[in-house]
Amino acid sequence: MQATEESIIKIQGLTREFGKQKALDNVDLQVKKGQVFGIVGENGAGKTTLIKHLLGLYKAEQGKVSVFGFDPVKNPAEVLGKIGYLSEQPDLPGWMTISQYMNYMSAFYPSWDKNLANNLIHVTSIDPDKKIKSLSKGQQARIGLCAAQAHRPELLLLDEPSSGLDPLVRKEILSAAIRTVIDDGRSVVFSSHYLDEVERICDHLIMFRGGRVVLSASMSEVLNNHQMITISSAELNRVGQDKIERLPGLIKLTEKRKEWYINCFSNYEELLPAIEKLSLDILEKRLMTLDEIFLSYCHEQKTLDEE
Amino acid sequence: MHLRITQHDGVPIYLQIINQIKQLITSGRLTVDHEILPIRVLAGELLVNPNTVARAYRELETEGWVYKKRGAGTFVSNQQNTLSEEVCKKQIKDRIDVLLTEAHHMNISTEEVIDLILDTSKRKRED
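Same order as they appear, the protein sequences are chains A and B.
Just so you know, numbering that gives the first Met the number 0 puts 170 at position 171 of the first sequence, and the rest follows in order with no gaps.
Just so you know, numbering that gives the first Met the number 0 puts 85 at position 86 of the second sequence, and the rest follows in order with no gaps.
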């Protein structure tokens, strides 16, 4: 349960280019044993490209990728045998029945637990003699989740598993993730667009933008140290925009209806002296929600001008 | 012991757990020396990270609401009233800070705020 110092994933200086586009740009990260590691970012920010490197589907062109101490491209058996993987579109063979599929999967994993597999399938209440192609999207995800857990993987790797699924199936996915870390200090990597789910289950958050890591911190740091401060236009003019822009940890400064919103990633003790030095008259100060934090790191959005 | 997590009003999850357990204790639904759910069980039920539950339990322990027995679990303590008075006052003080700042921005004096509080309290007693 408690994250230890032992890293199960180590990525150093990973860069990946597709043509002129940098899908990953000098990425460094470490996932510790026992952690639930959340990955967020807009579509195309680099989340899936990163996960494909972890699975050895992409070879690191620049930089280093190590999973359980192995290079996933050179030692696929050592790495994949310890990973349970579920993606948005689990690629299951439609012509097999569920029990045939579970049997087939068991051959790949020395640690496959047949009783656990049967229990997991039993809990879904789906008839194991059904053909996979006859299942709904939600049922296929549930079967994919069973297969990802039955070998008690050291790492449960969930790549946007919840997209387009009903709340019940999404709950089962969260439950599988929590069970994984509770059981015996196994780890989870969870990439998702559902920020409420990420906030619930993750203890570390990493955010990608345009292939680069723009935020990496423990979930409690992320939630406790993102400040939103509101000041008036007159106040901004009095102090000067350049001085506001030098506030510690400033992420974004935006104007809306004669008020300015200052978004900072810094704890308040650090911010307070700077604010006092400017004797800034603050209209409102509060912590940002994870949604607001996400948006403040995203690309500028053009808004419809309604006025 | 049944807790509920909502994610719409911006209250951090660990704080929701703390507040609800305090409520269960003050309303008498959790009694002295009653064992509260183990961290792992509550985390699995609420579908939240076990460290979040652990943090809530730690703070409840520091504030004197619960105590830990080595190897046994976490229990409701009988000292929460005396020990937490200071903490209760601090929480109310924090709310007053916010209230007075808001009143200040609306050009309402502290005296007027006090009058409003007394009025409201009187009406509540009459209800």
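For the record, the hints were derived by calculation from the structure and aren't laboratory data.
Mixed in with the good hints, there may be bad ones.
What the hints assert, rightly or not - Derived contacts from chain B toward chain A, CB cut-off under 7 Å, selection only: (1) 33; (2) 37; (3) 46; (4) 47; (5) 49; (6) 70; (7) 88.
What the hints assert, rightly or not - Chain B residues, not near chain A, derived (Cβ > 12 Å throughout): (8) 1; (9) 5; (10) 7; (11) 8; (12) 39; (13) 44; (14) 51; (15) 66; (16) 87; (17) 101.
Glycine included, every Cβ here is placed at the ideal spot set by N, Cα and C.
A quick look at each hint next to the structure:
1. 33: violated (23 Å)
2. 37: violated (10 Å)
3. 46: Cβ of residue 46/B sits 4 Å from chain A, so the hint holds.
4. 47: holds (5 Å)
5. 49: Constraint on residue 49/B satisfied, holds at 5 Å.
6. 70: Violated. Min distance 16 Å.
7. 88: Hint violated; residue 88/B Cβ to chain A Cβ min 22 Å, cut 7 Å.
8. 1: holds (17 Å)
9. 5: violated (10 Å)
10. 7: Its Cβ does come within 12 Å of chain A, the nearest being 9 Å, so this is violated.
11. 8: Violated, because the least Cβ-Cβ distance between residue 8/B and chain A comes to about 9 Å, which does not exceed 12 Å.
12. 39: violated (5 Å)
13. 44: The claim breaks: residue 44/B does not keep its Cβ more than 12 Å from every Cβ of chain A (closest is about 9 Å).
14. 51: Nearest chain A Cβ is 8 Å from residue 51/B, so the label is violated.
15. 66: At about 21 Å from chain A, residue 66/B clears the 12 Å cut-off, so the statement holds.
16. 87: holds (23 Å)
17. 101: violated (9 Å)
Consistency note: the structure conflicts with the earlier hints numbered 1, 2, 6, 7, 9, 10, 11, 12, 13, 14 and 17.
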